Amino acid sequence: MIAQLFLYLMLAVVVLMVSGPVVTAAVALSLTLALVAVTREALDCLAGRASTEHLALDTLPDPADRRYLSGPALRDHRRLGVACFVALHQRMSTQLDESFAGNGLRRVRPIRESQVITRSPAVPFLATAARTGFAIGYTIALVLLATTWSVQLVFLTAAVAGFRLLALALWLFESFSLMLRGITTECPRCHARLARPVFVCPCGREHRALIPGAQGAFFRTCRCDRRLPTLLIAGKSGLSPRCGGCDASLPSATQMMPTRHVPVVGGTGAGKSVFLHTAVARMRSDHDAVPADPFTDSRLAETGALLADGRFPPRTPVSQPVSHTLQVRNRLLHLYDAAGEIVQDADRIADSAFLALSDGVVLVVDPLALPAVRARADPDVLAGTRSSGIDPKTVLDLLTETLTEHHTATPRRIAVVVTKGDTLPCSTHPYATQPPDRPAAVRAWLITHGHADLVHSAEHHFPHVHYFVVTYLTASHDPHDDPAAPIHWLLTGTTP
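Mapping of the sequence shown onto full-length UniProt numbering: residues 1 to 496, in sequence order.
Keep in mind that the hints are not guaranteed to be accurate.
Unchecked claim - Computed cross-link-like contacts, DMTMM-like style, restricted to lysine to aspartate or glutamate with a CA-CA straight-line distance of at most 25 Å:
(1) Lys393 x Asp453
(2) Lys393 x Asp437
(3) Lys393 x Glu341
(4) Lys393 x Asp359
(5) Lys393 x Asp422
(6) Lys393 x Glu459
What the hints assert, rightly or not - What follows is a set of in silico ranges between Cβ atoms, one per label pair, in the way DEER data are often shown:
(7) Leu35 x Trp171: 40 to 50 Å
(8) Asp453 x Gly235: 53 to 63 Å
(9) Pro317 x Ala161: 53 to 63 Å
(10) Pro496 x Met179: 27 to 37 Å
(11) Arg75 x Phe176: 30 to 40 Å
(12) Phe218 x Thr94: 45 to 55 Å
Since the hints were made in silico from the structure, they are not lab data. No experiment lies behind these values; they were computed from the predicted model shown. The beta-carbon is built from N, C-alpha and C at its ideal position, and this holds for glycine as well.
Build the full structure now, drawing on both the sequences and the hints.
Written out as structure tokens, the structure is:
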């Protein structure tokens with residue numbers, strides 16, 4: 001009995017002495033082969049020539065690729081992990097295949113040529129030891145690969161989350177700063193209020209969502225390889241903004257300063273265009289305002305040339321007005337010269353989207369449209385002056401109804417401007433007696449000449465009403481208000 005135990009013990013020692021090196025060698029070989037397979041697959045996946053379709057870099061509408069850390073990095077990591085696990089599995093399956101494990105030792109030439117060795121029961125034993133070593137080695141390789149991949153996933157997920165949070169924080173910062181400063185973006189042509197303008201790269205490509213996001217936090221790269229800032233403070237304001245709806249150009253100062261919208265309304269021939277040009281010319285001469293876009297500059301130049309030749313500008317086209325946009329100190333001012341046919345027709349004025357943007361209104365009253373004034377006016381003045389045949393009370397009623405239909409809060413201020421003050425006889429001019437309170441004098445003058453309903457309606461619908469008398473002439477027998485005074489009052493609540 002003791003002899004048998006001793007023999008079994010000696011056999012176990014021999015087995016360990018023989019199989020130990022075989023198992024160790026198989027483990028080392030399998031780890032080496034696994035490392036080679038994984039490294040080769042990783043280099044193939046991350047090589048410059050490797051396919052990038054799985055990254056979905058160009059799936060966003062704007063002509064710029066996604067940033068790698070905005071999401072494609074996780075797709076790349078997942079693809080790399082799958083490829084490495086598949087390569088490791090294939091290598092392990094091949095290495096542990098029975099044909100190799102059973103016949104691998106017989107491929108060695110000394111063993112293959114020795115009939116004694118090949119018939120020895122030691123060969124299957126060593127093959128089993130080798131298979132065991134390979135299994136242990138590849139199991140270790142699999143655990144190491146899974147651990148490495150998981151650790152990389154944690155750090156990469158943190159990096160991607162950090163990038164996205166940074167982009168979100170920057171977008172919120174800019175959005176809240178614009179909101180706190182009261183800055184909005186409106187198109188001067190289609191009158192749509194825009195969530196954001198379209199910014200045009202110098203190469204001509206349009207970026208409709210040039211904000212911190214998947215395509216870049218501080219900057220993005222256009223298809224032309226030009227870096228574009230995503231923040232106003234980083235230089236985005238230097239790009240050309242456009243309306244995303246009608247493709248109209250927007251003022252370069254868009255999103256840099258608050259905007260104010262002032263429609264100038266009145267009947268056909270009331271003198272709206274002349275008043276608007278005269279008011280803007282005065283604001284420009286006082287260095288308070290400059291045209292904010294080429295369209296405004298050209299329109300003002302055309303009207304100024306006509307007035308300088310003693311001619312009046314043609315009737316305003318019956319279409320939605322394109323605003324005269326001015327930069328008035330630290331704000332953008334949109335002045336809308338609405339055709340009289342629009343504001344005196346219920347169907348047309350109902351479609352006037354620019355009225356919904358109003359921060360204040362200028363109601364132009366043609367004194368020659370008042371029967372009491374026309375009856376006492378000089379016939380030569382009537383013959384040489386284009387007058388309006390529309391009751392300003394009708395215009396005011398349609399205006400207030402439209403503001404209600406647009407579900408828009410009625411502007412707090414309306415400036416009632418009596419134009420063509422130079423056509424009024426001295427005896428009937430509101431300022432003939434040099435009144436100390438000019439607005440009260442104009443108000444009383446309107447009531448006296450049969451427009452008490454206009455005065456009461458304006459004061460009923462608008463919390464603040466101010467009255468003015470203006471003329472486009474630089475010199476007149478009677479005093480007149482500064483043509484820019486109504487605009488200044490609407491913007492600031494005070495008169496110069």
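Here is what the structure says about each hint:
no.: 1; hint: Lys393 x Asp453; verdict: holds (7 Å)
no.: 2; hint: Lys393 x Asp437; verdict: holds (24 Å)
no.: 3; hint: Lys393 x Glu341; verdict: holds (15 Å)
no.: 4; hint: Lys393 x Asp359; verdict: holds (20 Å)
no.: 5; hint: Lys393 x Asp422; verdict: holds (22 Å)
no.: 6; hint: Lys393 x Glu459; verdict: holds (12 Å)
no.: 7; hint: Leu35 x Trp171: 40 to 50 Å; verdict: holds (44 Å)
no.: 8; hint: Asp453 x Gly235: 53 to 63 Å; verdict: holds (54 Å)
no.: 9; hint: Pro317 x Ala161: 53 to 63 Å; verdict: holds (54 Å)
no.: 10; hint: Pro496 x Met179: 27 to 37 Å; verdict: holds (31 Å)
no.: 11; hint: Arg75 x Phe176: 30 to 40 Å; verdict: holds (32 Å)
no.: 12; hint: Phe218 x Thr94: 45 to 55 Å; verdict: holds (49 Å)
Checked against the numbered hints given earlier, the structure satisfies every one of them.
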